[in-house]
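Student: Sequence:
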Amino acid sequence: SRVKMSFGTDMGGGNRFSMLNVLEDAYKVGMCNNTLLDGSVNPALQDVSEAERNKLSAYRAFWSITLGGAEGLYIDDKIGNFEPGKEADFVALDWNGGPPATAWHQSIALAGERPETMEEAANLLFGIMMVGDERAVDETWVMGQRLYKKSAA
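Per the working numbering, the very first residue in the sequence shown carries number 120; after that it's consecutive.
Each hint should be verified, as a subset may be incorrect.
Claimed, not checked - Lysine-lysine pairs mimicking DSBU-like chemistry, simulated, CA-CA at most 30 Å apart: (1) Lys205 to Lys269; (2) Lys205 to Lys268; (3) Lys174 to Lys147; (4) Lys197 to Lys269; (5) Lys197 to Lys123.
Said to hold, decoys possible - Here are the in silico distance ranges between beta carbons for each label pair: (6) Val148 to Arg265: 28 to 38 Å; (7) Ala271 to Val122: 21 to 31 Å; (8) Ser270 to Pro218: 23 to 33 Å; (9) Asp129 to Thr236: 32 to 42 Å; (10) Lys197 to Gly231: 16 to 26 Å; (11) Glu202 to Lys123: 33 to 43 Å; (12) Lys269 to Val122: 15 to 25 Å.
Don't read these hints as lab results, they were simulated from the structure. Using N, Cα and C, we set each Cβ at its ideal position, and we do this for glycine too.
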């Protein structure tokens, strides 16, 4: 049996509401767990499999705030993915939306106009996760109805 894990945000738990910021912080915590704060761990002697488990991949991160979060709350029969019959509550992300350097950062990860491989898609998601903010939200949908569309800049 596995432990159910999810991420969330509120002002009591941090200083920002953005789940993208929560993912960024979670990634950093995982990376910090790869060493001791006093610097006594020699990276060459590190247990590689343990270090990999501590890393938060882009796919694992976004799963944790979608279906993983729904499973953690025991409501995955209603939300969490796009299965027919589930409530359609989701955001559509713009991988170039965000701080001014975002488009440059994403251009490094992408060869063409859209991701062609799982690795390119993961790199784009990682970029959104690490430098994205509310400007990356292109659309917000609740119960299958679009309630927000970012205006053209």
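Student: The hint says 23 to 33 Å between Ser270 and Pro218; measuring C-beta to C-beta, is that right?
Tutor: Violated, since Ser270 and Pro218 (Cβ atoms, about 18 Å apart) do not stay within the stated range.
Student: So if I understand the rule, the pair passes when the alpha-carbon distance is 30 Å or less; does Lys174 with Lys147 pass?
Tutor: 9 Å, holds
Student: So the hint says 15 to 25 Å: do the beta-carbon atoms of Lys269 and Val122 match that?
Tutor: The hinted range 15 to 25 Å is violated for Lys269 and Val122, with Cβ atoms some 36 Å apart.
Student: Given the proposed pairing of Lys205 with Lys269, does the C-alpha separation stay at or below 30 Å?
Tutor: Since the Cα atoms of Lys205 and Lys269 sit roughly 25 Å apart, the hinted pair holds (cutoff 30 Å).
Student: Starting from the range 32 to 42 Å, see whether the pair Asp129 and Thr236 falls in it by beta-carbon distance.
Tutor: 36 Å, holds
Student: That 16 to 26 Å hint for Lys197 and Gly231 (C-beta), does it hold up?
Tutor: Since the Cβ atoms of Lys197 and Gly231 sit about 36 Å apart, the hinted range of 16 to 26 Å is violated.
Student: Tell me if the straight-line CA distance from Lys205 to Lys268 falls inside 30 Å.
Tutor: Holds, at about 22 Å.
Student: Does the Cβ distance between Glu202 and Lys123 fall inside 33 to 43 Å?
Tutor: Given range 33 to 43 Å: violated, Cβ gap about 19 Å.
Student: Going straight from one Cα to the other, do Lys197 and Lys123 come out at no more than 30 Å?
Tutor: The given pair, whose Cα atoms are some 17 Å apart, holds under the 30 Å limit.
Student: Would you say the C-beta atoms of Val148 and Arg265 sit inside 28 to 38 Å of each other?
Tutor: With Cβ atoms ~34 Å apart, the hint holds.
Student: So does Ala271 sit 21 to 31 Å from Val122, Cβ to Cβ?
Tutor: Because 43 Å falls outside the window, the suggested range is violated.
Student: Quickly compare the C-alpha distance for Lys197 and Lys269 to 30 Å and report which way the hint goes.
Tutor: It holds: about 27 Å lies between the C-alpha atoms, which stays within 30 Å.
Checked against the numbered hints above, the structure breaks hints 7, 8, 10, 11, 12 and satisfies the rest.
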